[in-house]
Structure formats: structure tokens, C-alpha cells
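Listed in order, the protein sequences are those of chains W and C. Heads up: the first sequence runs through residues 1 to 207, numbered per our numbering. Heads up: the second sequence runs through residues 1001 to 1381, numbered per our numbering.
Keep in mind that the hints were calculated from the coordinates and are not lab data. Every value quoted in this text rests on a predicted model; they were computed, and no experiment measured them. Don't take each hint at face value.
As the list claims (entries may be wrong) - Sample of chain W residues at the chain C side, in silico, Cβ under 8 Å:
(1) Q43
(2) R61
(3) G63
(4) Q68
(5) F78
(6) P79
(7) V171
Unchecked claim - Chain W is faced by these chain C residues, among others (derived, beta-carbon under 8 Å):
(8) Q1115
(9) D1339
(10) P1346
Said to hold, decoys possible - Take a look, some chain C residues computed to stay more than 10 Å from chain W by CB distance:
(11) L1067
(12) P1116
(13) R1241
All residues carry an ideal CB built from backbone N, CA and C; glycine is no exception.
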Amino acid sequence: MSKPLPRRADLRLIVQLVPPGGRVLDVGCGDGTLLQTLETEKQVDGHGIEIRNHRVEACMRKGLSVIQGDADTDLPDFPDRSFDYIILSQALQNMHRPREVLDQLLRIGQRAIVSFPNLGHWRARLTLLCRGRMPIVETSDTPRTWYDTPNIHLCTIRDFLLMCETLGIIVEEGHAVGRDGSLRRLGKVAAWDTLWTHQAVYVLTRP
Amino acid sequence: MEIETASIDFAPIFALDTKLKLQSQIELAGAQCAYQTYGTLNAERSNAIMVCHGLTGDQYVSGTNPLTGRAGWWNHLVGPGLVLDTDRYFVICANVLGGCLGTTGPSTINPGTGQPWNMDFPVFTVADMVDLQVHLIDALGVDQLFAVIGASMGGMMALDWAARHSERVFATIPVAASWRHTAQNIAFHEVGRRAIAADANWHDGAYRERGVIPEKGLAAARMVAHITYLSETAFQEKFGRDLPRDSKLSFVLDPEFEVERYLDHQGKTFVKRFDAASYMYLTRAMDYFDLAARHDGDLAAVFKGVGTRFLVISFTSDWLFPTAESRTVVRALNAHAADVSFIEIPADYGHDSFLIERATDFHDVLEGFLDGSARRRGLKP
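Use the sequences and the hints to build the structure in full.
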């Protein structure tokens, strides 16, 4: 009874990165597609947090354990190292306080898998340079303008890695996800190839 | 006039052969518990769901209520093919301790005197109600309930089941409930009790012998309580400032607005089906409810080591048991990384949203959680 893999390429990669059988918390779990896949493919004990009511409802219809809550405020409730893996997929840029959230992820989980859109992509750089317009990162089905996007804290790969360094977080591995869904390994420091990186997925831990 | 319960057969009734030790340390002899079951207990005895009713609810959760002649209070949820699918689950619903539909309470006979207990009935708590139900499932041969579900006072019971008898509950679903009765909730209950006690027919609770009931007081208590069960939106949409028929003010002080007539009707119907003394005792039991009290106010400590799966549900327009109360429960459970789901369902109907047939979001969530729990428990579809 194998379920189809998620449509989003970063999610398919995350499924590969999570080892079987552990306790997983998906922060900003949406309609639960990833959690459900992890439960069926990897037999994990899956849990989720999602802020939007209709998405929580969708998760519950699937029989998943999900809390309607806010990652910005609810993560401090959880005890240290209570999950093997914490996933934050395409949600870092929606957080009011991404630094605190990342810090919490590495406190609660042994490892965190974080995926985010890279504002350092050449296309974004070119938009700003040539057109003088704020680059729009398409993370949902409808592209939005700078004033109504939920992506309030966009960053580049270099920004992200610098924040990890500041927080004493170790980058275990990095992957670039292309627009076409292609995968490529990323180094632990930001290099030229991030110019061509549409989305990044990092596995993080803390000593 | 009295509640017409004499002619009703409340069987099955479970009779406890030991004394029920109450939180007050009083030992209650001869306790009985009237209950209903729906569906069949499977061979593994793993498919039992305990439904805990609210303050003025009863064991007739499905089918026809023999007292009112109306459909059970969750008739749209409990039955073959429904959310609490009786083709799959064995549903138990018991009249709570202190209730007035067959279970021991102030209106039943004190075996020590041969007279009705009336106000000699000991003050009991939500935990005492749960303990009587624990004896009931012992008698039914159920080691572990697949689920306990309850709304309002029933939700308090569901939380108490999980907190004090977690090994006997696989999953628990407190709906529109809280871990404690708030000051505002106690205040409303006190107004209700005061209204009953002020009725000339109250006779310090010895109204039965006089063949009367404090119906005006009990009706007033119900009217106040009923306001707390709805929302401003619900009242406004249902009644607005409507007047009956000619829609002209009559310049009288009698009930005139549709909303007044509606409340009057609610009060009058209620006194035909509920006992005033039971109402006094049960509201008190809710007032006493504070799950954290045994742990010096530390709610997280209550759930330490609890392996039960939780689904906590609140409704947006419920101001009697607001979402913040449910969230506090969720936070306490998160402190132990417990298996908890939580959702605030958008609903306009106030606290009573859990009773509304068209609250399909609520029903879908419930069904999904029960399905997921059944998979984890290994119950056959």
C-alpha cells in the first residue's frame, strides 16, 4: 500500500534523508503529505505543527498527529532532544523569528532538516540589479508581490550558513534542488554554485 | 409534579459490590450505575469507546431517549456507519454519579435510611464519576478502553481518565473542555444554584417528599446556563431583536422578545427532564475540577509518563471553555512530547457547537483521529 511520493522535489529528498523508525516532528507540516509519506515509507512516529486551520484539518483526516500551533511561539514547550529528526520545509522564510526557531529546532531534535528558497540565485540577483524590483520567490502556487507575500524572512545560502555558524550549528550535508527537481550536493560553505541553486536542503545538528 | 422517571426502565444497571471511596474520603455504599452500550465488544476486548456526557446529558447518546422521546444527544455521531461506528466500535455511555437517570445520586434511595438521599448525598467530584466508570469497565471485562471521548464536563472526565488511569485508555478526546473550571464558570454555576435555592419549593432539597419541584429556580438556572452555551453570534443570528407576530413593543415587562421566549421554553423543558438536586451536585463537581491541584498547580506534572494518545478540540466561538484553556492542556502535554493532536474548529454556535449536527469539520476530524488510532491499535477496519 505504497503512497505516491510528494510532488515537491525538496520533500522527495527529505524522505530519502530521514532514516526509518525514528520520532519525527514536521514544523509547518501543511496538509501532512510529507508526514504521511514518512509514516508509510519510513515507518516513523510522525508529529506535526501547522498554523492554518484547514491544513490541520486535512492532516487529521489522514489520521496524523498534528497540533494547530505557531512554530514562532510553541516550540519552547517541547523538552530537549525529544525527537530524532525535526523538519522545517519551506517555512523558515515565514517565521517571525527564524533565528530563535532554528535554535529551538536543534534543541528539540537530534537533527534538523531545513529546506528554504535561495535568494542568492542568479535570477533573483538579476531582478534586483537590472529591474530594480524585489525578487519574488515562488513557494506557493500563486506568485505574490513583496507586500503580501508570507515570505517575510528570505535569505541566501550564505546568510543561512552564517546564521548556523553563529548558533554553533554543524552542517552535516547540503543539497541543491533545481527548478526541474534535479539534485546536486552542496558544500558546507557557500560557493559559486549557489548562484544556480533554486532551493537548498540542509541536514543540521549540534554537538 | 415530579420528573417522570418512575415508569422508565434504566436497565442495564451495574451495581458496585464494594464501597466507592470518594475524594472527600467518604465511602459510598450501594452505588449503582445505569449505562447503555451500542455495538459489540470484539474478542480481543479492544474496541470499547467510553462516551462521557456533559452536565445535563445522559447515557442515551444514540437512539431514542425514553424520558424525552427525542433522539439521543449524539445520535448523528454514534451508530452503524457513523463517526463512532457501532459496526466497528463498542460504545459505552453511562449516566454519571449524581445524575438522575438511574445512577446513584441525590434522588435515589439512601440504603442506610430507606429515604431519598436529597442533601445528605455526599459532595463528589469529576474524579469520583470517573472512578465509578472504572468499576463499570471492570465489570464489562474491558482492560483498556480504545478511546474515551467527552465534551464539556465529559471532556473533564476524559482528561481525568487519561491523567489518573492512563494505562486503561489508548486514546482520549477532550472536546470543548478545560483542565480546570475557571472563576467565571464557577460564578455562573453559583448563580444557578442560588436561583434553585431561592425557589419556595426547594425546601432545602426535601422537595420530593412534598410532591413539588423548584421548577422556577431550576428553569432560571437553566436559562443562565443556556446563555453561556451559545455565542453572541448565535443569539444575534437566531433572534436578533425579533418580536413575535405584530412586531410592535407592548410596553410590558413580561417576556416579549423572541430570545426571551426561547429561553423561557428552554427552562420549562429542562425542569421536565432534570432533577434540581442533581443539578446542584453536578455543577459543584465541575467547580471542584482542577487537574493540576494534586500537583501544586503544575499541570505538566499531571501528564508525566502518560502514554495515551490525545486529540484536544476547541471551538472558536466557545467563550465558556475558550481555546486558551485547551491550549494550556496541549502545552502541558508537549512538555512531555506526548502524542497530542489539537485543533480549534471554526464554529459560530458557541460551547454547544459539539452538539450541532451540521458541525461536519468537527466530525471529520474526529473520524480521522479515530481511524488513525484504530490503525495504531491494530483494530480491523
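Under the criterion of a CB-CB separation shorter than 8 Å, is C:P1346 in contact with chain W as hinted? holds (6 Å)
Can the hint on W:P79 be confirmed by a CB-to-CB distance to chain C that is less than 8 Å? holds (6 Å)
Whether C:P1116 stays farther than 10 Å from all C-beta atoms of chain W, as the label says: Answer for C:P1116: holds, closest chain W Cβ roughly 46 Å.
Against chain C, run the beta carbon of W:G63 and see if the smallest gap drops under 8 Å. holds (2 Å)
Taking the shortest Cβ-to-Cβ distance between C:R1241 and chain W, state whether it exceeds 10 Å. holds (32 Å)
So C:L1067 supposedly isn't at the interface. Is its beta-carbon more than 10 Å from every beta-carbon in chain W? Fine: 35 Å to the nearest Cβ keeps C:L1067 off the interface.
Is the interface hint for C:Q1115 satisfied, with its Cβ closer than 8 Å to some Cβ of chain W? violated (51 Å)
Is the hint on W:R61 kept, meaning its closest Cβ partner in chain C is under 8 Å away? holds (4 Å)
Double-check W:V171 for me: the hint is only fine if its C-beta lies closer than 8 Å to a C-beta in chain C. Status violated, d = 25 Å.
If you take the shortest Cβ to Cβ gap from W:Q68 to chain C, is it below 8 Å? holds (5 Å)
Agreement of hint W:Q43 with chain C interface, Cβ distance less than 8 Å: It is violated, given that the least Cβ distance between W:Q43 and chain C is near 12 Å, above 8 Å.
Interface hint outcome for W:F78 [beta carbon to chain C under 8 Å]: holds (5 Å)
When held up to the earlier numbered hints, the structure conflicts with 1, 7, 8 and fits the remainder.
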